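Hints in hand, dock the two standalone chains.
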Amino acid sequence: MGTINSALSLITGALDADQNALNVVSNNVANASNTAYTREVPNWTENQPISINGMAYGTGVTVTGGVSQRDRVLEQRLQQQTQASASSTALLTALTTLQSSFTPASGTSTSGDIGTDITNFFNSHTQLESDPTSNPLRQQILSSANTLAGDISSRAASLAAQQSSLDQSANTVIAQVNAISASLAQVNVAIQSQSPNQDAGPLEDQRQADLTQLAQLIGVNQIATEQNGLSVTTTGGQLLVSEGQLFQITTGAVNGVTHFFVGGTDVTSALASGGGQIGGLLTARDQSIPATLASLDQLAYGIATQVNTVNNAGTDLVGDNGNAGNIFNAPTQVAGSAQSMQVVLTDPNKIAAAGLGLGAGDGGNAVSAASLAAQAVINGQTPSNFYSNLVSTLGATVSETTIQGTALSASLSQLQSQRDSLSAVSLNEEAASLQEFQRSYQAASQVFTILNSVYASALNLGVETAVA
Amino acid sequence: MTMGWQEQLRPGVALRGIVQQATEALIAMDAQRLEELALCCADLNRELEGARMSPETAADFRASAEDMELLNRILFETRANLAVFSRLHVMRLGEATRWPGTERDTTYGDN
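Protein sequence lines, in the order shown, are assigned to chains B and P.
This note's numbering puts the first residue of the first sequence at 1, with every later residue one more than the last.
This note's numbering puts the first residue of the second sequence at 1, with every later residue one more than the last.
In case anyone wonders, no lab produced these hints; they're calculated from the structure.
All values reported here derive from a predicted model rather than from experimental measurement.
We treat Cβ as the ideally placed atom computed from N, Cα and C, and that holds for glycine.
One or more hints might be untrue.
What the hints assert, rightly or not - These stretches of chain P come out as covered by chain B in the derived footprint (C-beta under 8 Å, 3 or more residues): (1) 58 to 71; (2) 84 to 94.
To be verified - For the chain P half of the interface with chain B, some residues (derived, Cβ under 7 Å), not all of them: (3) L15; (4) I74; (5) E77; (6) N81.
Said to hold, decoys possible - Sample of chain B residues with no beta-carbon within 10 Å of chain P, all distances over it, derived: (7) Q19; (8) S26; (9) T62; (10) G112; (11) D167; (12) N197; (13) T233; (14) A294; (15) S295; (16) Q342; (17) V398; (18) A407; (19) Q438.
The shape of chain P in the complex, shown without the other chains (with noise of 0.2 Å):
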């Protein structure tokens, strides 16, 4: 999966593509694509390590601050809903606990 990203998103570096599929999973609370997109930022860090920024990538950068921004405040406000998903998957672990194998059935937020 994750050698799938890097191949999808290497050429010309793509960072404005990553933050928006970051963003876009990060709504959804779909923990295994932003691992993979983590995994790809490493990838694209040590790419960008000790080499000259191109203009490419420097156009990039910039092209990439709105979605950046965009991504830090849904961080702050995904962070401040937090306490709410703890207490509902501590909510959740109970009730698997009292009826075991009646979990429900959650796509999302437990992650």
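Same shape as in the complex, but just chain B (with noise of 0.2 Å):
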């Protein structure tokens, strides 16, 4: 009896065991659309058998719930790569709006166009030479100082408050990191309570979902400690989240611009080089708007103090020898020069035409002004040449961020791939699995069946029956 018992025993263990099995099919199914979700499959565990007299006998199996179908080393390389894809991408939106700054649109008139600009007014004052006293074309010179010193000066304007802008996103996204910082946290203190030794399956679903929302916004490096629990530092170094503490990233002014700070050090330039939008968006804001914009000083810098020199050092229509006075106004220092250029010269016959002491039909300060063009006052290079060779580094910076951020896109759906074929739900392999789940509960319902009749014939035995 004994025998039939722990059979009946252990028939009632595999069909719990089949239920259970059947409960982590269910709950992958249920989930097959959650893209946090990781795929479970049944942890079978085998029970420990039993010896009497010598001989051992097995004593079924018990499914102690489902295990997440997920690989560390795979989720790690996807948030690197997902770190390196979103820096790249919001540092290629930036550069293509401050590409768009110096690009006319196509099929437009060149208006606004700063190399276009260079070209009309330093031509203007070769039409000069030709005519020294004609007063429209004393006026045209006037015309395009404005208009290029108006398209520097507000090209400098957009370039500052594109990196306020930039300066703002900043923000918001350090915000986003430090909240996000906290549900990790709090997720870390739940997961070493409840899962300190085997993966905690929703509970980790939920953190590796808070690590890849970091990596799109910051660098962060992960590190493993006891009880199943997670330390994050940014790619610097710097403590986020120790398990269940939390080490807010705070922000401070410094020359204008919001500077990071973790613990009281400065993590700014780290953030920029670490991964993640912050560092996109960082690289933008300290690095290739500033090298833009120090350009644009240079070229204002140089057009208005070789103009204006050029300018008093000839005779103007009123008779003033080497004092004529400035056209643009006179820039004490490179920095702040494209943005503060403007016009000063109101009169047009203060344009200095004629060679220092030469009467009113000269033309020959005209000429040198023109020459200016074709001679390398800026930093060795021509005006145009030099504007020109601005835009197209900026055109090469955004090529080569363009053809990094579709490799890193490139190496992304790769590794995520990988991911998917492994932690995420297949609605075939389930339909499978449910399948020989069900097969399994039929046999062991099957064998449930026959002992049943087994111990009812047993329980029968010694009985008179009636033979027909």
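What follows is the structure, given as structure tokens:
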């Protein structure tokens, strides 16, 4: 009787195990559309056999819940590439906006194009040479100077506005980082208290979802700690989360821009090179835009000082020798020259077209002004070449960043395919598992029925029965 | 299959087409298609060997420069991913050994 009882107990366990396995599959199917969910497989554990009179008897099987199918190495690589890709995308967006400031819309006039402004300005001096006393030609010089100065200063203002906008975006991203870090710390505490020695299933999914979001925003490293805990640092090594403890990133203004601090340490430049959206935003804010602005300043400084020098080296229409005055406001330093560039000369007669001490009909000094267009007066280059190099360097940077971004996105796509094949729910596979566990359940039920019948027969042993 | 690709790509050399197709295949980790494209490249090399490069071919090479750069970057990133792919491959092999006949149906990655 003991043997039949054991068999009944064993098969009851099998029915329970199959039922649990079916529950795991049902849970997978229910979460098939949940991208944050990680597929689980039933964890079958063979029960300890018992030994009777030297013989070992199996005691069946137990399903101790589901085990999430994830690979930490793959997840970490995915997060690294996510950080790099997010940084590249944010940088590319900023660079594209920056580039559009210097590219006239195709199919429209060249209005607003600084390159054309430079050419027109120096050409207007060439035209004045042919008729140095012409008022319309003098007006033309002032007009083209105004256009040039206006376009350079408005472009500089637009770069400053973009820098400020990136500064605000960086602040928003850091606020999100702090919120996600707080969530991570909470999840860490829950995982350490509930699943210190095994995969925490849905809680681990939540932690991975937080880490993925974090990787989109900022470059981080993960360090596994005891009892299934996790510490998260910036790629520069500053702790953001240590198990349940949170270290917020704080902000402060330094020279008019927002800097970021962890525990009193300025981590701004480390964040710029660390990846994530913040990396791209800070690279654009602190490197790309300042570099472009510095070039624009050099251009404005060079043109203004050279043109002013030439105008003060000739004779104007009212007879001032070597003292005609400045056409552009005189910049005192290179920095800020672009944004402050403007035309200060209002009287066209004060344009010194004649050579020093020569009569009104001379156009020698206008020739000198026009020849500046072909002289290497800005950083060893002509004004036009300097500007065109600025634009083409920007174009090359955009092209390089585009290629890098596409490559990173391709790499991410490869890794996501791998992750999906390992961790995402495949309805076909779940259907196959359902059939398998259903058959197993049916078989166990059949064994149960037979055992029941054997049990009934055994109970009836010795009872007289009518023989037909 | 190989002849099909060659016939499709041979007129006008179409190096750029090959490079773009190879990039797509590499992203999808489609080993079979990459192999076909490699054969196309081998044929292309044979055609060009010793022959004077025509202006069309030279233009095709210039037009392909950016696509080649992209392919190169993706190759670089794929190489960096290989350690992870190999690890997963070993895991899957282990799974298949423990549960014969239950190897997961993977579209990518084991090539």
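Verification of the supplied hints:
Counting residues of the stretch 58 to 71 of chain P whose CB lies closer than 8 Å to any CB of chain B gives 3, so the stated coverage by that chain holds, three being the minimum. Only residues whose C-beta sits within less than 8 Å of a C-beta in chain B count toward coverage, and the stretch 84 to 94 of chain P has 5 of them, enough to reach three; the restraint holds. With a least beta-carbon distance of about 18 Å to chain B, the hint placing P/L15 at the interface is violated under the 7 Å criterion. For P/I74, the interface hint holds, the least distance from its beta-carbon to any beta-carbon of chain B being 5 Å, beneath 7 Å.
Hint on P/E77 holds. Least Cβ distance to chain B is approximately 4 Å, under the 7 Å limit. The beta carbon of P/N81 is positioned within 7 Å of a beta carbon in chain B (closest approach about 6 Å), and the interface hint is therefore held. Against the 10 Å criterion, B/Q19 stays outside the reach of chain P, whose nearest CB is about 21 Å from its own CB. At the 10 Å boundary, the C-beta of B/S26 stays outside the reach of chain P, the nearest C-beta of that chain being 20 Å off.
For B/T62, the shortest C-beta to C-beta distance to chain P comes to about 18 Å, beyond the 10 Å cut-off, and the non-interface label holds. Taking the minimum C-beta to C-beta distance to chain P, about 28 Å, the non-interface status of B/G112 holds against the 10 Å cut. Look at B/D167: its CB is around 30 Å from the nearest CB on chain P, clear of 10 Å, so calling it non-interface holds up. The claim that B/N197 is not at the interface with chain P holds, since no C-beta of that chain comes within 10 Å of its own (minimum 21 Å).
Every beta carbon of chain P lies more than 10 Å from that of B/T233, the smallest distance being close to 22 Å; the non-interface claim holds. With a least beta-carbon separation of about 28 Å from chain P, B/A294 lies farther than 10 Å from that chain, consistent with its non-interface assignment. Against the 10 Å criterion, B/S295 stays outside the reach of chain P, whose nearest CB is about 25 Å from its own CB. Once the 10 Å rule is applied to beta carbons, B/Q342 is consistent with being away from chain P; the minimum gap is 41 Å.
Every CB of chain P is more than 10 Å from the CB of B/V398 (nearest about 12 Å), matching its label as outside the interface. Once the 10 Å rule is applied to beta carbons, B/A407 is inconsistent with being away from chain P; the minimum gap is 3 Å. Residue placement check: B/Q438 keeps its beta carbon more than 10 Å from all beta carbons of chain P (closest about 16 Å).
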